[in-house]
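Just so you know, the sequences run in chain order A and B. Be aware that the first sequence starts at 1, since it is given in the numbering used here, and climbs by one per residue. Be aware that the second sequence starts at 1, since it is given in the numbering used here, and climbs by one per residue.
Please keep in mind that the hints were generated in silico from the structure rather than gathered at the bench. Heads up, the beta-carbon is just placed ideally off N, CA and C, and yes, glycines get one too. Check the hints yourself; a few may be wrong.
[To be verified] Simulated DEER-style distance windows between Cβ atoms: (1) A:386 <-> B:80: 29 to 37 Å; (2) A:53 <-> B:124: 43 to 51 Å; (3) B:99 <-> A:153: 44 to 52 Å; (4) A:147 <-> B:68: 36 to 44 Å; (5) A:274 <-> B:123: 23 to 31 Å; (6) A:100 <-> B:123: 29 to 37 Å; (7) A:122 <-> B:127: 54 to 62 Å; (8) A:153 <-> B:123: 29 to 37 Å; (9) B:43 <-> A:386: 38 to 46 Å; (10) B:80 <-> A:266: 22 to 30 Å.
[Stated by the list, open to error] Straight line, CA to CA, 27 Å or less: simulated DSSO-like cross-link-like pairs of lysine-lysine: (11) B:27 <-> A:78; (12) A:148 <-> B:27; (13) B:11 <-> A:119; (14) A:108 <-> B:46; (15) B:80 <-> A:177; (16) A:177 <-> B:11.
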Amino acid sequence: MSKRKNYLDSIYRNPLPINLTALNLKNLVFGFDIHQDQILIRYQDFIFKALDENSIKKLWFNGFFGKGQLSRSEPTFKERTKRRILPIKDFEKLSSEEITKLRREERKKFKQERLTLEKQEILLKSNKNFEELQKIEFLKHELNSKQKISNKKSLKELFDEQIIKNGKDFNINELRKEDLLLVKKDDEGNMDIENIEYLQLMPVEAFFLRFLNLYIDNIDDDYNDHEITMFPLRKLFYTCISIDHLQPDNRFIISYIVYHHYRSLGWCVKSGIKFSTDFILYKKGPPFQHARYAVTIVPNYENDDENMENPSATDKNNWIWFSSLNRVVSGVKKNLIFCYVDIPKLDIFMDKMREIDELDDYYDEGDKFKELFELYKIYEIGIKRWLPTKNRD
Amino acid sequence: MTNIQLKPLTKQVKTNLEYYNLWSDLKVYNFDNDSIQLLNGKPLEKLQPSESISNDKTRSEQEQQGNDREWIFPIGMDEKLTMSQTDFVFDCIRLVENERPKRIIAGMVNNDGTIVYYFIHDGIVRPRKS
């Protein structure tokens with residue numbers, strides 16, 4: 001296990017895509033030389049994406065930014081697809097998606113076998129054939145014990161079984177029409193797969209990286225390598241908030257504040273959509289261990305009447321919602337964190353926004369956005385259900 | 001059907017179905033002056049049959065009869081979906097299939113690219129064995 005940890009530590013060395021050895025003090029003070037270590041992010045179809053392999057690698061290996069559009073987390077589409085449709089079988093590089101699939105197929109087989117035995121059981125019971133019934137019950141017991149974790153087959157065994165099962169010769173004509181479109185030949189005439197997967201970034205991730213001056217972007221649909229422009233932070237901001245009527249409790253702003261807060265404290269922050277929360281926090285990143293914390297954002301207004309009136313606030317004050325959220329989160333062995341964000345007064349917020357809007361294009365907008373974000377305050381509360389009969393300590 | 005302009009959401013769901021969930025033969029349908037865009041395609045393996053309570057047919061009968069294609073309705077995470085809008089989607093499909101489908105699948109798109117699918121049945125259904 002420690003060998004694996006050393007390996008992971010060596011490939012995921014940096015928490016952010018900043019190469020510290022390439023910096024000198026001047027760069028640290030006045031910003032990074034972005035051209036030295038170029039990351040390209042493109043905004044297209046309302047999605048922030050990294051398309052080229054270099055940018056994808058830099059973003060994923062330095063802080064686990066983004067998500068493979070066709071993967072659960074790390075972009076593994078190409079390698080996975082190669083193994084799925086081409087006659088290439090290497091066990092060592094199995095992705096988490098493939099492992100899940102192997103385990104699910106095993107479970108499905110178990111259920112089928114159980115069903116067959118149960119059917120026989122019912123039949124024998126109705127025929128009062130107790131001798132045979134005992135045999136079936138024994139088989140059932142045996143089948144169930146195979147399901148216990150210690151008795152389960154290893155992944156390698158499952159993988160080899162699957163290869164034998166699908167062992168027929170590769171025939172390109174048997175591919176799905178959709179898969180056939182992906183097959184291409186490389187320079188040496190070997191078959192390869194076209195990689196159609198991009199790395200998708202949440203708006204908060206794109207804004208964070210841009211706020212830190214870590215990438216160059218291109219907002220135009222017509223991709224042109226020669227005319228790469230870095231569009232102003234302000235433009236990116238208005239792209240992210242996506243509405244005209246800007247309020248201090250704007251969803252993007254609040255999410256960004258929270259995202260930035262945890263990122264700056266060294267957490268790897270990913271979407272919490274699958275656990276009905278806003279974010280989940282990894283201590284280091286997805287390959288290392290599971291995310292211990294699930295963060296739910298709660299806007300907090302100075303005036304308590306507003307807290308009751310505001311639709312999102314009333315949702316969050318709903319006890320049924322609270323109870324179900326806690327169930328889901330504790331069910332996946334995470335700790336629930338309520339992250340309260342104090343919303344600034346409308347007039348103070350609007351003054352700051354006006355300052356930002358009136359900036360001339362060459363001014364460093366980062367400073368002003370920093371001032372805007374500093375109007376917000378964050379504090380968090382960890383929540384755990386207490387059962388009087390069980391939790392005595 | 002071939003020259004329909006794909007909406008960004010539809011495009012995301014279509015690619016996800018084709019290359020993540022390995023569905024095949026996805027077709028795009030436009031309804032109501034292109035305000036609604038639906039996908040129709042074939043899952044890798046037949047999904048669980050839809051059983052409505054009013055229907056007395058056995059499971060195996062239904063499986064044989066059942067349609068192996070499914071209707072998908074792409075929807076953004078920040079969009080609201082009312083009952084009458086959902087009802088309208090069922091009615092749109094009737095224009096193609098001559099009857100309301102037993103169920104549709106909502107494909108909800110999150111801003112990190114995750115897509116979550118939910119069955120929406122046209123009425124109440126019998127629970128299934130897990």
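Evaluate the given range 43 to 51 Å for the C-beta pair formed by residue 53 of chain A and residue 124 of chain B. holds, 50 Å
Do the Cβ positions of residue 100 of chain A and residue 123 of chain B conform to the proposed distance bound of 29 to 37 Å? Since the Cβ atoms of residue 100 of chain A and residue 123 of chain B sit about 33 Å apart, the hinted range of 29 to 37 Å holds.
27 Å Cα cutoff - pair residue 11 of chain B, residue 119 of chain A: violated, 45 Å
With a cut-off of 27 Å on the C-alpha distance, tell me whether residue 27 of chain B and residue 78 of chain A pass. The hint holds at about 24 Å.
CB-CB spacing for residue 80 of chain B and residue 386 of chain A relative to the 29 to 37 Å hint: holds, 36 Å
Can you let me know if the beta-carbon spacing of residue 80 of chain B and residue 266 of chain A is within 22 to 30 Å? violated, 37 Å
Given the hint of 23 to 31 Å, is the C-beta distance from residue 274 of chain A to residue 123 of chain B inside that range or not? Once the Cβ atoms are compared, 28 Å apart, the range 23 to 31 Å for residue 123 of chain B and residue 274 of chain A holds.
Restraint status (C-alpha distance of residue 177 of chain A to residue 11 of chain B at most 27 Å): With Cα atoms ~18 Å apart, residue 177 of chain A and residue 11 of chain B stay inside 27 Å; holds.
Residue 43 of chain B paired with residue 386 of chain A, Cβ distance criterion 38 to 46 Å: holds, 44 Å
Lying within 36 to 44 Å: is that true of the beta-carbon distance residue 147 of chain A to residue 68 of chain B? violated, 30 Å
Mind checking the hinted window 29 to 37 Å against the Cβ distance between residue 153 of chain A and residue 123 of chain B? violated, 42 Å
Holds or violated: the 54 to 62 Å window for the beta-carbon distance between residue 122 of chain A and residue 127 of chain B? violated, 21 Å
The structure shown violates the earlier hints numbered 4, 7, 8, 10, 12, 13, 15.
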